[in-house]
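Enquirer: Sequence:
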Amino acid sequence: MKEALARLRKFRDDRDWKQFHNPKDLSLALSIEASELLELFLWKSPEQADIDKVKEELADVVAYALLLADSYELNLEQIVLDKIAKNEQKYPVSKAKGTAKKYTEL
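For the sequence shown, this note's numbering assigns the number 4 to the initial residue and increments by one for each residue that follows.
Worth flagging that the hints you see were computed from the coordinates, not collected in a lab. Treat each hint with caution, since some may be false.
What the hints assert, rightly or not - Derived DSSO-like pairs: lysine-lysine, alpha-carbon spacing no greater than 30 Å straight-line:
#1 K89 with K100
#2 K86 with K21
#3 K104 with K47
#4 K100 with K27
#5 K86 with K100
#6 K5 with K98
#7 K58 with K5
Predicted model, so just to flag it, every value in this text is computed and none were measured.
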């Protein structure tokens with residue numbers, strides 16, 4: 004993801020867009036792009052979604068997540084690994100396997 008982040012920064016900086024890429028606006032953009040991803044599945048089965056459009060919207064979601072993490076100097080890989088560790092505690096296999104219940108209901 005280092006190369007992707009470097010290219011995103013260059014793309015942004017070449018266009019003087021950093022002024023618009025504050026954490027609030029990046030969060031809003033992330034939410035909007037996630038909604039556009041969801042829209043691809045609206046009223047369809049997962050198999051009916053256009054995979055090329057899914058790729059494009061998913062790329063937008065990841066790009067904004069990378070830029071948001073970068074704006075706070077966060078290591079995205081590390082914060083994901085930290086969250087997985089927390090979830091492993093909240094959802095032990097012995098209680099969570101095969102169920103979609105929230106950890107408070109296990």
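Enquirer: Checked against the structure, which of the hints given earlier come out wrong?
Expert: Per hint list: 4, 6 violated.
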